[in-house]
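Residue numbers (our numbering), protein chains in the order written: chain A, 62 to 409; chain B, 1074 to 1207; chain C, 15 to 573.
No lab work stands behind these hints, which were simulated from the structure alone.
Some hints could be false.
Among the chain C residues that face chain A by a calculated CB cut under 10 Å, a handful are [stated by the list, open to error]:
id : residue
1  : Phe-139
2  : Ile-199
3  : Ala-239
4  : Phe-275
5  : Asp-543
Result set (DSSO-like, lysine-lysine): computed pairs, CA atoms no more than 27 Å apart in a straight line [stated by the list, open to error]:
id : chain 1 : residue 1 : chain 2 : residue 2
6  : A       : Lys-204   : C       : Lys-264
7  : B       : Lys-1155  : A       : Lys-379
8  : A       : Lys-370   : A       : Lys-97
9  : B       : Lys-1155  : A       : Lys-97
10 : A       : Lys-379   : A       : Lys-165
11 : A       : Lys-195   : C       : Lys-264
12 : C       : Lys-305   : C       : Lys-264
13 : A       : Lys-165   : B       : Lys-1155
14 : A       : Lys-379   : A       : Lys-97
15 : A       : Lys-370   : A       : Lys-248
16 : A       : Lys-165   : A       : Lys-97
17 : A       : Lys-168   : A       : Lys-379
18 : A       : Lys-165   : A       : Lys-370
Simulated coverage check for chain B against chain A, where a stretch passes if three residues somewhere in it have a Cβ under 8 Å from a Cβ of chain A [claimed, not checked]:
id : stretch
19 : 1103 to 1113
20 : 1122 to 1129
21 : 1137 to 1144
22 : 1157 to 1166
23 : 1173 to 1186
Even for Gly, the Cβ is constructed at its ideal location relative to N, Cα and C.
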Amino acid sequence: MTTAVAPAPTEHDHHEHPSWLAHHFDDAEQQFDAGKMGMWLFLVTEVLFFSGMFCAYALYRNRNPEVFEFCSTFLNEKLGAINTGVLLFSSLTMAWAVRASQLKETKTLIGMLGATLGCAAIFLGVKAVEYSHKWALGLFPGKFYISQVAGAPHSEVPYLWYLSIAPLVMLVCFILYYIYGIVTASKFHLRVAGPLVIAAACFFGGVGLGLVLEAEEGHGDTHASASHQEHSADHAHTDAAIPTVNLLSTDTAPLNDVATTPAESNTPDSSVNQKGMAGLFFSIYYCMTGVHAFHILGGMLVITWLIVKAANLEFHSKYYGPVDNVGLYWHLVDFIWIFLFPLLYLIT
Amino acid sequence: MSTPIAEHSHEAHGHGHDGEFSHPMPIWMLLTVFVTLLALTVLTVYQSTFNLGNVEIWLSLTIATIKAGLVIAFFMHLLWDKPLNMIIILSSLIFVALFLGFTMMDAQGYRENLIMTPTLEESQPAVIEVATSK
Amino acid sequence: MSVVTKPVTMPAPNLVAGEEDNYLTHSSGFLSWALTLDHKRIGLMYLTCVMASFALGGILALLVRIHLWNPNLDPTQALFSNKVYNQIFTLHGAVMVFLFIIPSIPAALGNFLLPIMLGSKDVAFPRLNLGSFYLWVAGALFFLFSMFATGLDTGWTFYTPYSIESQGPVVAATMGVFVLGFSSIFTGLNFIVTINTMRPPGMTWFRMPLFLWAIYSTAIIQVLATPVLGITMLLLAAERILGIGIFDAKMNGDPVAFQHFFWFYSHPAVYIMILPAMGIISELMSVHSHKGILGYRMIAYSSIAIALFGFLVWGHHMFTSGMADVTTIVFSALTFTVSIPSAIKVFNWIGTMYQGTVSLNTPMVYALAFIFLFTIGGLTGLFLGALSTDMHLHATYFVVAHFHYVMMGGTLVAFLGGLFHWWPKMTGKMFNDFAGIVSAAIVFVGFNLTFLPQFVLGTRGMPRRYASYALEFQDLHRLSTIGAVMLGTGLLVAALTLLHSLFYGSKAPRNPWGGATLEWECSSPPPHDNFSSAPTVGDPYDFSNIEYDPKVGGYFKKK
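Just need the whole structure built from these sequences, with the hints factored in.
Pasting the structure below:
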């Protein structure tokens, strides 16, 4: 933490300024306090940043609760719950990593950081399955939303494959890096590359987990109607409504023209199952989970940075601020998800 | 680089100059919190299988708030942190409440002034008008 | 207290023998500036960029006024087409708000002064500080490029549904605002942490100069409000790219919600603009009256109060947007509460001058102009805060005049006053005081000539943002345009005065005005590490032991 402009230590300083203490701080504790307070303030901005989307959620749920009931049937509760568990576990490992950095247990520290990184990758893998499955059904945000019809063919676009390209490339790179570490017999490189390889592999573990659970839940082409019936058996008009919609979207005729009988137009499905209603829900869903996923990606980047520093043996009881602060950030990401999960997945 | 400015008084923190300020969390505490969090997750999934009507959202939000509180208090060790940091994070929640509260209150009020077509057509824009006469 | 004669750092290459090492001569070369972590250099870089943006925004304002010289009832005869006119006033508003006023005092003067006034070596996170400067540059370039490329015509408020349908580059502009917002957040975050954790011994909260209280309050708003602007801009961009429909009435979305989101930030942002200006005036009033500030604690508390009340009143921008009746009444009532802390400040500033020894030099003349203009701006705000009159005055020139009185008559004039006040400290050069006073006088007269007629225009029903107007408004519009040209001349005189001093100014003494705050105890310009020997922290407004020394032409503190 020295600066380029002013080389710090001079004979006038009566405390030594070690390399990890920036020149404008007097001691380790002041540096730690400043960093920590800065991180808490940053978390405040994060909370307010997300509050905008929570506000949009509250506005529309308050206005059209039936849309939220209808749409949440397309979200797989099991996947959401698994992801919640994974994130909670990553929070545990992150908190453990902070402890390890304070006690200078480098091996545990790298292991815990690696575990956190791996959990993040699993989370994203499951998310990739969820997203690709929804895209195949046409559950896009806003104006790209495609009305759900029973028996409509799935899109053949291999979304999951697209989403896996980047992690696959990274996995290959990390393996090559690991081999490089073996060849040069560099302890440092091996310490860094190991967790990275495992984390990248974890993404595919998450994808596998997601696929298995998704297959249990969905029933191929009839997913929409099947899961819908299962969740809202109390709606008497469900069966009547779906064929109506089916007729509509094949003809691309305006909804109003066909939904003439009062019984049909009163069912939630016909009025809800369209761009301005269900589409809006998926807008909110993708915005919230998408921005959250970007925060996960950002967290993964800084955790990687921590692993590099940890492999360099930089942390000790007076300089563990970076681990602590990244930890705070990571817990906040978890914190947000704790609210997103019941609000999006558990609507009955 | 001169010395006297560099002398901070840290008496308020109760630590000496070279004192330890790290506070490692005991492992049993971390594990207990984690298990509690998992249990609460199971509970919230379980309660969602019942149809509780309006109570449901408040119940699941309460459970989420308890979980979030545990994460903040223990994993983020706010309980052992400086009180100022607690004030900082709580103030953010107050401002979120302010933002959501006023906006929701207003939306409730003007909803009756909005004239929306009951069913949206795919091809034609929905008409939303604000009633001009109040 | 060990006295260090000279800080042992890198030998400054271009240091003339016998001259003190200062932050300007400390190291040289392009990279020593581009990669500097010194808050003073970063402040100076901000100052340069902010002033360049101001010049751009000012030229655009003049173009608007010149266009309105004629009623333009026949658009083909007009100076600009209606579309170009829309783009010009949008660019003027956006540049002035996002690139000039918001960063002007906190980022430029605040960066330079905050650590020195506090008695610390630097801000808490120097790298973050440099980073937020480059974020600002990136955001500004993004923003300007997108607007010049195809022309943005939504107004600086980006109201939906027009911003969804407009052909202009809204996405690029919103991303620019997003990046600028983060620059602002990081600056505010840095300042809060610095003031909380880096105060030297003796610098208690109530020994802090009032400018720092103002900057602190501003930083609170920056941290709490700006993220909401960030998410609003992100959602608007998503609206245009993905058609998410949250704010789009066609998609069953809620455009009024956009205004709530936008003003939750943008009303507090008004206080980001004015609070630091109030802090400057508190310093100027006390120093140039050579008398302790009246009601120090009241001014300090009122800064915090304004910051917090500022979050409760955003709805007053939306009285005619279809808000619920109850909410309009609540917001209107809350709006009036903000006037209390503002009035406390004005009262205390005037009370400070009473029985003081007022030196009428350039900074003080600007400060007096501020009090006059800000009071008019504040009082006309009451008409807009009251529901019944706002229904009539909303979106007329009355609003335009009101916020220019507060933002320009307030913030800009205070900024200029502060710039003249700390210019000797920043550059080490004294400016020609007479020329400075002349500039202040021209600015004051020109300003009133520009905007007083606009109050009248507004009450007579002239809507804002129109490219043409009925013949009956022509005289008032022409008065306003004449005033604008005069105002521009005044600003030019001020700029020339400052530039002239850079080359021909005499060397500035340590303490040219007789201030008691810490920045006057280090040399002008300050050394790289701010203080070669530790400052003794005392009452920042105790002038009893400050005496004039005719030999150096400045003041010194009696030991």
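Check: What hints, given by number in increasing order, does this structure fail?
Finding: Number 12 only.
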